[in-house]
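Asker: Assemble chains B, C and D onto chain A, guided by the hints.
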Amino acid sequence: MKSATSARTSVISRRQSASGSPTGRPFVGSSKFGALIEFARNLDLFETVSLLTLVLTVIFGFDHWLFHIVARICLLVFILWPRSLRTPVFWLALALTGAITIILTWELVDNHKYLLDYWLWVLFMVHLFAQPQRQLRIILFNARFFLCLTFLAASAQKLASPSYRSGEMFEYYLYVDPRFAAFGKLIGIDPSVGEAVKKRTMFLRSPFAEVQGNDIQIVGSNRARVAALMMTSWDASVQLAIGLLLLIRRQRTDQIAHILLLFFIFTTYIPAPVFGFGWILAVMGLTLAKDKFPKIGAAYLVSFFAILLYQLPWREWVLKS
Amino acid sequence: MNGSSDQPDHQLGFFRYSSRALIICMPIVALVIAARQVYLSNYHGLAVWKGGGMGMFASMDGQANRFAQLFITQSDGTRQPLTHLLRVQKDAIDNALNYPVRRNFLAVAKSIATIEWASSPERMPVVLIDSKGEPAGRASESYHMMAPFRPRSRDEKWKGNIQIEFWKMSYNPLTRTCHATLAQTFAFTPDEVQQ
Amino acid sequence: MSMAEPSQGNWARRFTLEALIKSTQQLELVQFVSLLTLFLAVTFPFDHWLFIITARVCLFLFLIFPIIIRKPAFWAALALSATVVTILEWATTDNHKYLLLYWLWVVVFCHAAVDPDQKRRVLVFNARFFLCFVFLAAVAQKLSSPSYRSGEMFEYFLYCDPRFTAFGKLVGIDPKVADAVQKILDFFKSPFSQVINNELLLPGTDRARIVALALTFWDISLQSLIGVLFLWRRTFTDKIAHLLLLFFVFTTYLPAPVFGFGWILAIWGLILAKDRFPKISAAYFISFPAILLYQLPWREWVLGMNS
Amino acid sequence: MLCVPLVALVIVGRQIYLSTRYGLSTWKGGGMGMFAAADERSNRYAKVFLVDSDGNRDPLVQLSSEDFDVLNRALEYPTRENFLRAAKKIAQENWIPAYQRRPVLNVNSDGNPIGAGAKSYRVMSPSEIRSDTEERRANMEIQFWKISYEPRTRRLRASLAETFVFTPEERFRNDAERKSL
Chain A
1 MKSATSARTS
11 VISRRQSASG
21 SPTGRPFVGS
31 SKFGALIEFA
41 RNLDLFETVS
51 LLTLVLTVIF
61 GFDHWLFHIV
71 ARICLLVFIL
81 WPRSLRTPVF
91 WLALALTGAI
101 TIILTWELVD
111 NHKYLLDYWL
121 WVLFMVHLFA
131 QPQRQLRIIL
141 FNARFFLCLT
151 FLAASAQKLA
161 SPSYRSGEMF
171 EYYLYVDPRF
181 AAFGKLIGID
191 PSVGEAVKKR
201 TMFLRSPFAE
211 VQGNDIQIVG
221 SNRARVAALM
231 MTSWDASVQL
241 AIGLLLLIRR
251 QRTDQIAHIL
261 LLFFIFTTYI
271 PAPVFGFGWI
281 LAVMGLTLAK
291 DKFPKIGAAY
301 LVSFFAILLY
311 QLPWREWVLK
321 S
Chain B
1 MNGSSDQPDH
11 QLGFFRYSSR
21 ALIICMPIVA
31 LVIAARQVYL
41 SNYHGLAVWK
51 GGGMGMFASM
61 DGQANRFAQL
71 FITQSDGTRQ
81 PLTHLLRVQK
91 DAIDNALNYP
101 VRRNFLAVAK
111 SIATIEWASS
121 PERMPVVLID
131 SKGEPAGRAS
141 ESYHMMAPFR
151 PRSRDEKWKG
161 NIQIEFWKMS
171 YNPLTRTCHA
181 TLAQTFAFTP
191 DEVQQ
Chain C
1 MSMAEPSQGN
11 WARRFTLEAL
21 IKSTQQLELV
31 QFVSLLTLFL
41 AVTFPFDHWL
51 FIITARVCLF
61 LFLIFPIIIR
71 KPAFWAALAL
81 SATVVTILEW
91 ATTDNHKYLL
101 LYWLWVVVFC
111 HAAVDPDQKR
121 RVLVFNARFF
131 LCFVFLAAVA
141 QKLSSPSYRS
151 GEMFEYFLYC
161 DPRFTAFGKL
171 VGIDPKVADA
181 VQKILDFFKS
191 PFSQVINNEL
201 LLPGTDRARI
211 VALALTFWDI
221 SLQSLIGVLF
231 LWRRTFTDKI
241 AHLLLLFFVF
251 TTYLPAPVFG
261 FGWILAIWGL
271 ILAKDRFPKI
281 SAAYFISFPA
291 ILLYQLPWRE
301 WVLGMNS
Chain D
1 MLCVPLVALV
11 IVGRQIYLST
21 RYGLSTWKGG
31 GMGMFAAADE
41 RSNRYAKVFL
51 VDSDGNRDPL
61 VQLSSEDFDV
71 LNRALEYPTR
81 ENFLRAAKKI
91 AQENWIPAYQ
101 RRPVLNVNSD
111 GNPIGAGAKS
121 YRVMSPSEIR
131 SDTEERRANM
141 EIQFWKISYE
151 PRTRRLRASL
161 AETFVFTPEE
171 RFRNDAERKS
181 L
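Protein chains in written order, with this note's numbering: chain A, 1 to 321; chain B, 1 to 195; chain C, 1 to 307; chain D, 1 to 181.
In isolation and in its complexed conformation, chain A is listed as follows:
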């Protein structure tokens, strides 16, 4: 019988030996980014992906008490008994709870949370098999499938929507969505424009006001219009490109797709605070890139830090400045 601590130690020592440095100090004697690449390359794929997914469930999980409790218990179980991460039951508990949560509140669950639950089921299946080769095939296939699905389905739904194609959606959000107010200010749209638009929409919503023809003029700004059109074309083209490039399954196209995906993660989640989505995209990207493109794998590792740091209240700072 081994204790939790000794099991934990074995994980630690495995990571240390895997770091490839006899001194146990992986960062000595090489450039910092080189060391990071080396470090990323030597990570155990399944363990890293499992750990990153566990973090995701604990900090950006489903907003439901059942999932909160199960995710925390799973983290506690892992801390006390690290081997549990390799057991299918561990992932079954999380995946099943995620599925129950979705079924209970499916109209309210954001689309990207479904992605989290699919990924939990994928990890459950991966851990059902003992042969590493088979596990690898499952996880690589699913990571690619879900990245393609995410970006191609998103592009399809966007291109099929008239309010997206016309740039109406992004312009409207730049005015009324508080998440975009700070970003808007950064690109030169005065927050007072958004305030004025919001006030006018209140006339439409209030039962104590009747707007002639239910049609109301807003002030708006040309800059917002231009920004919205640029955001629309940038967003649709990047997403379509990532989805299509990953579909081709060639070394070169994959490399470009990863660079675009990294660009997407690093830029999108600054204005859009859906960190869980960024995290899961990064987990899938890392899964595909780790063994084939070590530099890109290291960049994905950095993206996790970036996503955590994007939670800084920079919007308030910008709006106050």
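Heads up, a few of these hints could be off.
[What the hints assert, rightly or not] The calculated label-pair distances, taken between Cβ atoms and stated as ranges, are:
1) C/Pro297 x D/Gly117: 23 to 31 Å
2) D/Asn72 x B/Leu86: 17 to 25 Å
3) C/Glu300 x D/Asp52: 31 to 39 Å
4) B/Leu86 x C/Ile210: 38 to 46 Å
Calculated directly from the structure, the hints in this document are not laboratory data. Cβ coordinates follow ideal geometry from the N, Cα and C atoms, glycine included.
Answerer: Okay, now just chains B, C and D, sitting in the frame of chain A:
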């Protein structure tokens, strides 16, 4: 895992000389902070639940049993209550109720003064309530309701004093009566609250 | 919770109490306490973006690079951000959050020590100190408060605090009483009502009065006993104190949703009990998942039940 | 290996179907339509009225956060069943006219108020003193509105997507069934 892998360079400089300091440092800090909390809660009204003592569930007198009433007063002595507050103002009030010093209520008043307030067209009568909680007629006063209208522009001067009444509730289990006491009234002039 | 290899055996046997006791004895104290403290910082953090982000980055670093949990700098980052947050919001920070702050610094000092024995001593001394401090300071503040001594406080909370409504229903106080009291109190707060003599008769019940007095007596005696018994430092008194502390942890955090406080008390109890009372330390071990399970929305279930 | 992808495809298909046929928000339901259309909760709203037998309508204005939770669910997936659930939840409160009648403000298309209109409403707010009379007999009307934006003319347009009327029998059906048991 044991400590054998720890290197001597882990040790923080100061504590290299005093191993006892490592052990008793935090207890001393905790005692100092607890003493400060007891002092502030006895002499400056700090809620016993906050500030680093151990007074959770030690007294009725916490934020839950304190409340504030806010008024804008005019030079003729009339005053109108602020009935709909913004989130940021509610947070500032919670903060001031936990530690009811003038400085904290001034922060509330400053936050009020950043907003332009609109009053309802009709006056609302003040209802008299008897000790059983039943309406027992109308009081002599009546007020307009005041609600936030829009952020005040910086060039516009704030007019009117802001008056904040700080109330406390107590409960007498023998008579089963709840009593509200006006603990203090804070008044702030336009100059004080001007940002 | 078993520590055995899955291949070694028989699942039924692995979950016996004996196996649990054995596995708790095999834990390495410093590592175990560090893990539980990190868990505490991540799941019950200070409610401020600075600490939340620091705790999440620390968790991420630990999972990617586990050895980092033994570095004093790792803990200093957490302790420093906790200190900054506490200084920024000291007047609104709950008392029990200060305990997390103190404890993070204790863990920094523990990892700063060179000698493994010294590390243990830092933990053991501070665990005992803070247990005595928490309970004795609480008792002192409670006894010095007239509204506590009279039973007024608990009775009032049984009526007015929504966290107690479900507990009140379980002990036979109709939630309608609490609703009526809360409604009547709004007359004080509204500028459009003037309560004659500022005095309102609450539609209370005798049962609430009795329950409040029982709660007051139970609470004060249990807390003073735990504090005093831990002060003694004898095996027998320690054992009783641990049993009482376990009773306190298992019962208090059911109605009172301050789970981080329960968690830190259980960590301290475990530190003191681990090498001396294997059965008690196994019970502390169980208290951690129990505290997590207490987050179930049982209050809504109780209040939703037809009486 | 294929089973999770297959489930994902089925769910995406279902989401697209529900979104195009039944108005499910593109942000919800398991598709990938986040930021795909300006048609979700921030552009959708509901006006809730009690309508008495004479046809007089009074708006319910102070909905609780629980009421909003159920109503928001209906706004994300605007089916009659979901609005009925919201109506049942809202009807659990006892709505009474809280203030004097307030005239409806007329606003021109430039967004400027141009005076009080002929219509006026009573402001209904929840009260704990249950009368069990008038308001329980009134119908509840929930108007489901959508806002769209025309970037060329910079005009916001609100359109009444659907009006749901729920009779007291519908709203209190479960209560009545429970009582009869």
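Asker: Between D/Asn72 and B/Leu86, does the C-beta distance stay in 17 to 25 Å?
Answerer: holds (22 Å)
Asker: Starting from the range 38 to 46 Å, see whether the pair B/Leu86 and C/Ile210 falls in it by beta-carbon distance.
Answerer: holds (43 Å)
Asker: Cβ-Cβ distance between C/Pro297 and D/Gly117: within 23 to 31 Å?
Answerer: violated (46 Å)
Asker: Note whether the CB distance of C/Glu300 and D/Asp52 lies within 31 to 39 Å or breaks it.
Answerer: Given range 31 to 39 Å: holds, Cβ gap about 34 Å.
Comparing the model with each earlier hint shows a violation of hint 1 alone; every other hint is respected.
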